[in-house]
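Q: Sequences listed follow chains A and B, in order. Quick note on the working numbering: the first sequence kicks off at 1 and runs consecutively. Quick note on the working numbering: the second sequence kicks off at 292 and runs consecutively.
Be careful, since some hints might not be right.
[Stated by the list, open to error] Partial chain B-side listing against chain A, Cβ under 10 Å, derived:
| hint | residue |
| --- | --- |
| 1 | Asp375 |
| 2 | Leu491 |
| 3 | Lys564 |
| 4 | Lys571 |
| 5 | Phe579 |
| 6 | Lys597 |
| 7 | Leu612 |
| 8 | Gly769 |
Derived from the structure by calculation, the hints contain no laboratory data. From a predicted model like this one, the values you see are computed outputs, not experimental measurements. Backbone N, C-alpha and C fix where the C-beta goes; we use that ideal spot for every residue, glycine too.
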Amino acid sequence: MNDLATTSLIATYSAMGVYTFAFVLFTVDLAGRSASEEQSKPTRWLRSAMALTWLGWVIHLGATVMRGIAAHRVPWANMFEFGLTATLALVGVFLGISVFRDVRFVGSFITGFAILALGIVATNFYVAVTPLPPALQDYWLVIHVFVAVLGTGFFATGAALSAAQLFQSARESGRLTTRNWRFLSAFPKAEALESLSYRLTVIGFVFWTFTVIAGAIWAEHAWGRYWGWDTKEVWSFIIWVLFAGYIHARATRGWRGNPAAVLNLIGFTAVIFNFTIVNLFFKGLHVYSGL
Amino acid sequence: MASRQPSKGYQPKDLDESRQWFDEGNAPVKNRLAEPILGPKLGPFEFLRWTWRLLTSMRTAIILLVLVAVAAIPGSIVPQRLADPNGVATIRDSNPDLYKFYESVQLFDVFTSVWFSAIYLLLFISLIGCILPRVRHHWNVLRAAPADAPKTWTRLDVREVVPVTGSTDAALDRAAALLRKSRYRVVRKGDSIKAEFGYLRETGNLVFHIALVGILATLGFASGFNWYGQRALVEGQAFTNQLSSYDTFNPGRWFDERQLDPYAVSLSSFVPKYVKDPVKDVWMPIDFTADVVVTEGGNQRAETLKVNDPVHIGDSKMYLLGNGFAPVITVRNPAGDVVFSQPVPFISQDANLTSVGVVKVPDGLAEQVGMQGFFYPSAVELDSGALSSNNPEPTKPTVTFNIYKGDLGLDDGTNGNVFQLPIDQLTQIAGRHTGVDVVLEPGDTFTLPEGLGTVEFTSLSRYIGVEIRHDATQFGVGLSAAFLVAGLLASLATRRRRMWVRVTAKGLEWGAQSRGDDPGLEAAVGRILAKFTLTGSGDKVSTT
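Pulled out of the complex, with its shape left as it was, chain A reads as follows (with noise of 0.2 Å):
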């Protein structure tokens, strides 16, 4: 059994490594149109990234569910287990959309930003597999965090195109024309940068929705009220209404296009914050990273 989880270790660590190779051949992809005017075809570089990070993401997925065999049970119950899958989430939804979309232009973001997560939870929040506490025991844990991976999976890559269409908006209206941000114009326009990363950050936020609720629910079996401002909770709350704001944001003479794009940042970066910060010094019921 605990072979199995050192064995899943082994494999994190690897697709880590297969990602840092994709993370650089998707960072020479882009230096090389910034170097050339010539945008239009896809480099063997970029090919060459993207199969990597597949091969990155089949040996993450491999690495996960050893985690979940390993442990017996769902494999997000503590911090380092969350990351786990949460990058996992992430880099599916990206190789899920490059299916249909080509958006391989925030490969590196996506990779780089995958290589770091997993970096901190692997070598940070790492802990042995251990039993559930009875709060945990619930069929909720399998939905409730799940809908939770999947909602943080959507959210960060509608942030990742966020912030790409905050660049290419600055280079469009005449900023950023120096050689080094040439690699912009292999970028989509602004424009549809913006309507794809809308797309699936109202993803993110029905999965968000689920995520409150399914929690809701939970809460009122395991501590008696269905929701009481535990410091998660406020933390859930804050992120759903900043994306309802996003959301609206789109809507809105005037805040269309960059303001709303900031605000979809800033919702991402209460994400992080509520995984992160929340988890490890606020005081509340969710104390479930396992450190």
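Starting from the structure of chain A, add chain B where the hints point.
A: Structure of chain B alone, referenced to chain A:
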């Protein structure tokens, strides 16, 4: 139709029509966008109207949403009275000035504070002001025929011409039938068809927002009927559901004692299971199971109470929220008569269940006696000589006491805090720093100084901390949440599309328009046209 400016009174002034609404095909987009929100002159009526428009504008809604998010942040930093009463007490004891400041700006009750309430009430007024006109408008739209085609078809997102062989009338019939089959609302008028699809988008949107109001209204009206209370229940003890049985009780605004259903619950046994975390070398619980017997309406039934698995009794639920040890303490007077004998629930302080508790003996001895107790399920002596527990299971249960005499402060009728002794007003007669340590294992007896009597650690029981709660808001909030999700999904999954078909010299001309981003419009039209040509006699699609 196109000659008149359609009324937009039902929507916020700054809703981005060019994105969200069908292009009505009249006034130039630029001019409409340039229309100022604030008029030039403001009489009292105009000012009210301006305020109302400002409040119900999209911009205000966004700002209020961001404000609600920001205002919630202190609720996660400052301990909240509802979620973390101990945190509030800690600040009160350690930093009275800070406590006073927090208290003055309601930072311990952020979510019921005046300022937080003001923001969300404004937000909901804005929301209601926004959706009411839209509900009326949508209600009319739902009963109206699809919109007329614009005068100039060049503005349409998709245009296709399909040559028709044979009767155009039959072809139009076929087109209308196809559109109906694709769940469009269709009106055939002479040589043209107008069709519309996706009313569910706005319906879902409105349902979502009304459901939000539903949640707030339920919380506002039903929460007054809520009540909840806590009770420590020792093995073998029975609890009857009446106010005096609760250790703490929190009634809602409109609570009436008759709301408490008559029932009794007794705890047969409580069994916790622990395993040792091999890496961190600490014990951790993996299961808490309480077997209880519920007596309700003359019937008895056995139930299992677990974390995540409350017991339903009457219109309330009993939740397992805590547990601990309750040493049975017996106090006798010098003559050997029992003056106090009962299990005393101790509150656990750590993973190995080192616990603290208080015994108060107000009557029966020459003086009132209070005892501050420390309980160790598996006592071990540290190098310093102090005791500690190394296992949550009772392998070597030990109680130590600091014993005081004096006025316990119970005579004014109030019970005081059962977990606190007013030690400042008492005289210590035994325990730490007195030279007479009181360390008892089950069966041990300690003889009190000054001939006051004896104290015995008679036996050991476990207790569970239960919360019994009646939540009148659950049904309304649950139903609203279900509508909220349904509305959200319906709204996001639906595209609002309009199609028109007219007869031209080259055949049937199809035009389509969508609201908002709709990259799938062309494909959707293509699918209908493919079916149209398939059922036709060799018609061919050509794009204008």
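Q: With 10 Å as the cut and Cβ atoms as the points, is B/Phe579 at the interface with chain A?
A: 5 Å, holds
Q: Hint validation: B/Asp375 versus chain A, beta carbon distance must be below 10 Å. Holds or violated?
A: 6 Å, holds
Q: Restraint: B/Lys571 near chain A, CB-CB cut 10 Å. Satisfied or not?
A: 8 Å, holds
Q: Given B/Gly769 as an interface hint, is its Cβ closer than 10 Å to any Cβ of chain A?
A: Check passed: Cβ of B/Gly769 comes within 8 Å of chain A, closer than 10 Å.
Q: Min Cβ distance, B/Lys597 to chain A: is it shorter than 10 Å?
A: With a minimum Cβ separation of about 7 Å from chain A (threshold 10 Å), the hint on B/Lys597 holds.
Q: Can the hint on B/Leu612 be confirmed by a CB-to-CB distance to chain A that is less than 10 Å?
A: 7 Å, holds
Q: Return the status of the interface hint for B/Leu491: holds when the least beta-carbon distance to chain A is below 10 Å, violated otherwise.
A: Hint violated; B/Leu491 Cβ to chain A Cβ min 16 Å, cut 10 Å.
Q: Grab the minimum C-beta distance from B/Lys564 to chain A and call the hint holds if it beats 10 Å, violated otherwise.
A: 9 Å, holds
Checked against the numbered hints given earlier, this structure breaks only hint 2.
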